[in-house]
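Chains as they are written, first to last, in this note's numbering: chain A, 16 to 288; chain B, 16 to 288; chain C, 16 to 288; chain D, 16 to 288; chain E, 16 to 288; chain F, 16 to 288.
Derived from the structure by calculation, the hints contain no laboratory data. One or more of the hints may lead you astray.
All copies of an identical chain are treated as equivalent in the list; a pair is satisfied when it fits inside any one copy or across any two copies.
Capping the alpha-carbon separation at 25 Å, the derived lysine to aspartate or glutamate pairs in DMTMM-like fashion look like this [claimed, not checked]:
hint: 1; residue 1: K173; residue 2: D266
hint: 2; residue 1: K202; residue 2: E281
hint: 3; residue 1: K83; residue 2: D252
hint: 4; residue 1: K19; residue 2: D199
hint: 5; residue 1: K31; residue 2: D244
6 protein chains.
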Amino acid sequence: MFSKTGIPLFEEMTWKEVADALQQTDICIIPVGAIEQHGYHLPLGTDTYIAQEIACRACSVLDKRGCKALVGPTIPYGVHPEAMHYPGSLQVMPSTLVLLLKEMCVGLQKMGFNHIILLMGHDGNVPAMQVAVQELEIENNLDVMCVNWLLPHLGDQKRLVPLDFADGHGGARETSRALSSFPDLVKMELAEPYIPSFPKKDVPCSAEPVLGGAVYRPIKVPSMAYYPDNCPGQDGDASYATAEAGDALYDALGVWLADLMVQEYELKSKEDM
Amino acid sequence: MFSKTGIPLFEEMTWKEVADALQQTDICIIPVGAIEQHGYHLPLGTDTYIAQEIACRACSVLDKRGCKALVGPTIPYGVHPEAMHYPGSLQVMPSTLVLLLKEMCVGLQKMGFNHIILLMGHDGNVPAMQVAVQELEIENNLDVMCVNWLLPHLGDQKRLVPLDFADGHGGARETSRALSSFPDLVKMELAEPYIPSFPKKDVPCSAEPVLGGAVYRPIKVPSMAYYPDNCPGQDGDASYATAEAGDALYDALGVWLADLMVQEYELKSKEDM
Amino acid sequence: MFSKTGIPLFEEMTWKEVADALQQTDICIIPVGAIEQHGYHLPLGTDTYIAQEIACRACSVLDKRGCKALVGPTIPYGVHPEAMHYPGSLQVMPSTLVLLLKEMCVGLQKMGFNHIILLMGHDGNVPAMQVAVQELEIENNLDVMCVNWLLPHLGDQKRLVPLDFADGHGGARETSRALSSFPDLVKMELAEPYIPSFPKKDVPCSAEPVLGGAVYRPIKVPSMAYYPDNCPGQDGDASYATAEAGDALYDALGVWLADLMVQEYELKSKEDM
Amino acid sequence: MFSKTGIPLFEEMTWKEVADALQQTDICIIPVGAIEQHGYHLPLGTDTYIAQEIACRACSVLDKRGCKALVGPTIPYGVHPEAMHYPGSLQVMPSTLVLLLKEMCVGLQKMGFNHIILLMGHDGNVPAMQVAVQELEIENNLDVMCVNWLLPHLGDQKRLVPLDFADGHGGARETSRALSSFPDLVKMELAEPYIPSFPKKDVPCSAEPVLGGAVYRPIKVPSMAYYPDNCPGQDGDASYATAEAGDALYDALGVWLADLMVQEYELKSKEDM
Amino acid sequence: MFSKTGIPLFEEMTWKEVADALQQTDICIIPVGAIEQHGYHLPLGTDTYIAQEIACRACSVLDKRGCKALVGPTIPYGVHPEAMHYPGSLQVMPSTLVLLLKEMCVGLQKMGFNHIILLMGHDGNVPAMQVAVQELEIENNLDVMCVNWLLPHLGDQKRLVPLDFADGHGGARETSRALSSFPDLVKMELAEPYIPSFPKKDVPCSAEPVLGGAVYRPIKVPSMAYYPDNCPGQDGDASYATAEAGDALYDALGVWLADLMVQEYELKSKEDM
Amino acid sequence: MFSKTGIPLFEEMTWKEVADALQQTDICIIPVGAIEQHGYHLPLGTDTYIAQEIACRACSVLDKRGCKALVGPTIPYGVHPEAMHYPGSLQVMPSTLVLLLKEMCVGLQKMGFNHIILLMGHDGNVPAMQVAVQELEIENNLDVMCVNWLLPHLGDQKRLVPLDFADGHGGARETSRALSSFPDLVKMELAEPYIPSFPKKDVPCSAEPVLGGAVYRPIKVPSMAYYPDNCPGQDGDASYATAEAGDALYDALGVWLADLMVQEYELKSKEDM
């Protein structure tokens with residue numbers, strides 16, 4: 016089974032298990048990942064695996080509170096034009112991702128899932144995920160929620176894995192999560208530190224929306240300019256990563272997502288009843 | 016001419032004026048608006064007109080600094096499922112908006128514009144605008160930037176139009192902008208105050224992304240639940256609006272956008288040269 | 016307000032005004048224009064502005080007869096491959112125009128408009144407008160009518176603005192209309208006469224369909240061959256234009272369109288009742 | 016072989032014959048027909064067969080003048096929402112027809128055909144044919160010409176088959192053409208006269224564009240209202256039809272189309288050289 | 016009339032004949048052909064004409080058993096990338112073929128046909144035909160059956176036209192069928208024998224699926240490599256063909272298809288009743 | 016790591032490992048699975064997991080012969096209208112699957128993979144896989160091969176797991192493969208035998224194409240009729256399954272697929288060089 020939480024992925028369940036779960040819940044979480052380079056030491060599917068684990072953690076937290084949700088089918092494809100000069104990076108067009116997300120959600124709705132979460136595993140997918148949400152509302156009156164955990168997680172990351180240098184894509188915090196949930200696929204011995212220097216931006220809010228800013232200009236996102244030849248393709252120093260830190264990061268994410276679901280869907284925990 | 020700044024809209028220019036402008040700049044700003052209800056007192060095209068004026072203000076600021084940009088063709092259509100129960104609200108599908116934005120940008124690129132800004136006039140359009148930006152990068156290697164001014168503008172709005180009650184869609188600040196740039200279309204005598212009460216959200220970052228949050232769930236955005244029958248369809252009290260405040264709000268937005276363009280495109284003002 | 020007739024554009028109305036109008040009428044007219052070069056002296060949006068004014072004139076005529084119709088949302092994009100070598104000309108693909116027209120009409124139908132007119136502002140749009148009409152009939156059983164005023168207007172044009180040389184795109188008659196409804200955007204001082212010589216066509220009916228012919232071959236329509244380098248991009252001599260003539264031309268068009276609506280929709284004027 | 020002219024259809028030729036023809040010409044004519052009810056006596060494919068014969072006639076006329084063109088592949092599908100209440104009528108969506116026409120033309124272009132005519136066999140197809148022509152010009156820079164012979168043929172029809180009552184779809188003139196080129200499929204014994212009365216239209220040019228008018232409103236085109244239950248589905252009296260008249264009608268059409276091709280493509284006949 | 020069986024094609028029928036037939040049957044067979052090179056001696060439309068005749072034969076067999084089915088509208092376009100280097104070969108994209116097939120079937124369903132057969136005329140069309148069948152089931156719950164007669168016919172072909180060398184595309188057996196049903200379009204005097212040598216394949220089932228194998232790799236299907244310059248474009252020796260053999264081949268195919276329809280649709284013949 | 020063969024999945028590799036592999040091979044195998052009910056005891060992702068393992072086995076066989084290929088990114092979605100009445104079954108439209116397959120293959124081609132295999136994991140996907148192959152050949156001149164192992168495997172299955180009753184979807188042989196490669200997801204204790212009785216088909220070749228037949232009629236494929244309420248949703252008796260048998264079945268499939276690749280791509284093993 017994929018996750019140590021004991022929460023199965025949709026694809027790992029039998030049809031009867033899904034049918035039984037539908038007696039208890041109409042919520043499912045679709046992790047939306049990517050096939051994208053993540054340095055010398057992390058697998059291409061890193062974003063997918065992490066999103067799956069976050070979803071499992073949230074379901075596990077809910078379980079303990081007497082609520083239930085499923086980790087719906089995984090979408091392992093993403094949009095990342097800035098990473099395409101690395102062999103192995105393989106993206107879908109945003110429009111295709113929209114189409115695929117819509118078909119999955121409509122299928123789940125027919126099955127009985129009335130509340131669906133599209134869980135971000137890779138930030139470049141958020142626009143397509145949001146378009147899918149809108150079109151599903153317009154065409155199907157379906158309640159789909161797009162969740163990006165990067166922003167709420169910023170504080171936890173700095174608190175749980177304090178570092179005094181830049182740490183992002185493939186860095187110590189992401190590697191910590193990888194060591195926690197899919198250690199067999201992490202090649203720590205190949206990790207090389209690399210701290211790219213990003214240009215300073217003085218104008219307020221000129222960061223990307225997924226980081227709380229207001230400006231989306233992917234053509235200038237870290238690419239060949241920041242990741243020159245022979246660069247491992249990451250931001251940060253993975254040697255600071257530990258499975259324990261990863262576990263703590265996942266815990267924080269799982270609780271946040273479970274809280275969000277309780278708030279949004281007005282779930283009643285056992286204690287409440 | 017539309018704008019008091021003296022900056023013409025693309026459609027208002029002759030072909031020769033565009034041809035001449037292309038000798039001096041390869042930047043243009045596409046305002047992306049909506050046809051959406053805005054209370055009893057504001058026209059359906061409010062978002063479009065405001066985005067056009069912000070673009071003109073930024074071009075005017077740049078002009079004074081010796082730089083130039085055009086206000087490209089306007090897209091007057093938007094996505095707003097939450098407003099469709101008001102007659103007059105007329106939306107496009109996000110996918111159609113993507114298609115239209117892409118054709119406009121590719122056409123502008125062929126004409127010589129290498130830097131294009133999609134300027135938000137209505138927040139529900141941001142996902143489609145971002146998808147267009149991605150697909151234009153992937154398919155055309157075109158540098159398009161999606162700009163949402165809501166977030167950077169939050170502080171200015173509170174400073175320039177201080178209010179101690181909720182103010183949003185169609186409220187005092189938006190009405191101020193309307194009074195500044197298209198007063199003939201504002202029917203102040205019909206404005207009625209209406210302050211909907213939104214549910215409190217305790218989970219961190221559970222606001223919408225366009226407001227700096229992490230959760231996109233449009234089906235729960237203010238709709239019939241918040242705007243009951245016989246409600247004017249707005250958040251706030253337009254009677255606090257003044258043209259002067261609107262002018263000051265536009266000024267702040269124009270400077271911010273101009274600064275952003277200088278930063279992103281590394282423009283050199285006259286003083287620098 | 017855009018039109019001196021006092022008839023507002025859809026985007027200029029509040030939602031309540033649309034709601035009230037729907038108590039009296041279920042007809043609206045969608046002007047379909049273009050962003051296309053129109054010589055040194057007319058703006059790129061000329062076709063859009065003229066179609067808007069014709070629609071307003073027809074509504075004004077109907078108003079006086081006790082009938083009502085709205086000028087629905089404007090479509091400012093057109094198809095004009097023959098004008099694309101002029102900077103500023105910016106076109107949509109016909110298929111995209113079809114899509115946009117269909118979404119607008121379906122939205123208007125949901126709002127309560129059961130009779131919709133697509134009013135030609137640029138002749139190259141007519142095929143896409145007709146395809147939209149067909150698909151709306153087939154898919155939505157919606158009554159949409161595509162109206163091309165070029166043909167019925169030929170006689171009026173010659174009568175009201177007699178000329179003994181060729182006059183077409185951007186010429187004295189079109190400039191007259193511009194001087195009547197959007198004089199601030201006309202740069203008469205820049206106008207230069209240019210009378211292209213079109214090849215003679217002896218075979219009967221080998222003109223374009225929009226002019227009453229039977230042959231559609233846009234690749235041979237006036238283009239670089241007729242509009243050589245340094246040519247202003249027009250047919251005719253704008254110096255013969257006057258606002259008064261333009262006003263008279265609009266009057267004739269407004270009456271024709273109003274009469275057509277009365278005939279097609281079997282409207283009853285006050286006198287009839 | 017389909018046509019008595021001896022001109023083969025594209026599908027009837029071998030690849031070698033096409034290859035040889037391409038040494039002499041780069042012109043082909045695509046007949047675009049329909050599968051539509053044509054009264055009790057004419058087959059569903061009437062429009063297709065007639066368009067094929069007109070194309071063959073034109074090629075035959077050209078042949079005699081020392082010029083050459085092929086009758087390209089036939090498109091046997093059409094758009095006719097007004098005929099769908101008759102079993103047997105089977106239409107395509109206009110967008111699908113556009114797609115199919117574009118693929119055929121692009122394929123012919125790759126093969127060496129640089130001048131392609133889309134020949135109307137059914138008037139409801141003209142909008143889709145024109146959109147295809149535009150998109151082929153925009154995307155492929157291909158010279159495609161859409162030809163509607165209804166209008167130039169009006170005079171010849173009245174002269175060659177004089178009648179003092181209405182005659183249209185499935186009437187004496189169309190039946191004459193059928194008797195001339197596909198008599199085996201005409202069931203004269205089943206023909207029943209039916210002269211529907213169309214509403215009078217006083218507003219100038221309010222006829223359909225394909226008949227020289229300016230108004231396209233297919234939902235009001237002859238349909239159930241004019242063709243009531245138990246009506247054969249035609250306009251006119253087929254008993255006035257003769258094969259000889261049909262032959263004369265085809266001759267006139269063939270000469271007109273050949274003349275048009277000579278004019279448009281500046282063909283040189285043998286005598287000219 | 017196309018077929019000597021006396022069974023008319025759909026396009027050859029009047030609407031009334033279709034209406035009457037619908038009283039007796041709800042089955043129709045759509046022949047799906049191609050415009051593809053077939054050697055020096057066979058027309059481009061060979062696959063279309065053969066599929067039409069097979070459908071007519073099956074209907075004729077059913078007729079004799081007191082059952083009825085129509086030969087629905089023909090699709091004369093196919094997919095054959097391997098034949099595109101021969102002038103005259105003209106293909107559609109598979110996606111376009113899917114779209115066209117779906118529209119035809121949905122139209123037939125509305126007319127009353129609840130059982131539709133897509134009859135293979137060209138093997139490269141089978142994937143698109145099957146996709147159409149699936150989407151029609153998913154979207155329309157329509158019973159469409161895709162039938163490929165190549166495989167069941169292998170034995171009959173060898174028995175009825177025994178040959179001791181390779182015989183395939185355009186060979187003696189296909190030419191026999193052509194001589195039987197459309198002899199006027201066969202140019203036997205131009206036929207040239209050509210026996211290409213295909214590479215031996217030892218791995219079990221590595222033939223194409225339409226021939227009972229498991230491997231689909233069209234880029235390696237006979238193409239320029241096997242059909243060099245100046246090659247007629249066929250497999251086999253047409254001089255062994257006879258109309259009598261073709262007639263026998265058609266008979267076998269007609270009986271097989273009729274038997275299949277009886278089995279699948281549980282038809283009751285007159286004797287059974 | 017997913018497979019005991021030690022062959023990693025694409026998503027499990029780092030970008031550098033893909034880059035290095037591209038020095039040795041330009042072949043990759045894309046497993047195409049499904050999310051479909053598989054009885055009470057097998058997970059919804061069964062077809063996906065099995066296709067992945069077959070691909071790994073073939074790569075492992077090639078490795079031993081000194082050749083190399085990658086197991087490309089997995090497509091976990093399938094087409095199975097006949098299984099949609101079971102909760103948990105979640106399908107894509109064939110057209111969407113075509114789109115996704117094409118984007119993946121084009122991306123892999125840009126990366127350097129010139130030979131791509133689409134490996135069937137679920138038979139209903141074969142038509143979409145073949146359409147993708149055709150369109151990739153036509154549009155991208157890319158060599159993609161669609162492989163269906165059901166047919167060549169029939170003999171091995173009967174030999175390695177001899178049974179005297181029907182065994183298919185979710186039966187003893189499929190369960191054996193599951194026990195071999197993903198035993199943790201098999202719930203043998205829940206398995207219930209179920210042997211549906213399929214109607215006898217006497218007409219030759221009237222089986223489905225994926226089983227060597229000629230007739231594709233999915234609406235009649237085992238569905239509610241064969242799988243009544245309270246039926247586990249399988250053909251056969253899983254209690255006869257063993258991991259050892261599954262291993263042997265995989266071995267046979269791996270060798271067959273490796274042999275096929277050697278044959279098709281003319282690979283040279285170490286011994287040959």
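Checked hints:
Taking the closest pair of Cα atoms, K173 and D266 come within 25 Å of each other only inside a single copy of the chain (14 Å); across copies the shortest separation is 37 Å, beyond that limit. Neither within a single protomer nor between protomers do K202 and E281 lie at most 25 Å apart by alpha-carbon distance, with minima of 42 Å and 34 Å respectively. For the identical chains of this complex, K83 and D252 are neighbours neither inside a copy (37 Å) nor across copies (33 Å), given an alpha-carbon limit of 25 Å. Within a single copy, K19 and D199 get their C-alpha atoms as close as 13 Å, and across copies as close as 13 Å, so both meet the 25 Å cut-off.
In this homomeric assembly, K31 and D244 come within 25 Å of each other (Cα to Cα) only across copies, at 12 Å, whereas the closest approach inside a single copy is 51 Å.
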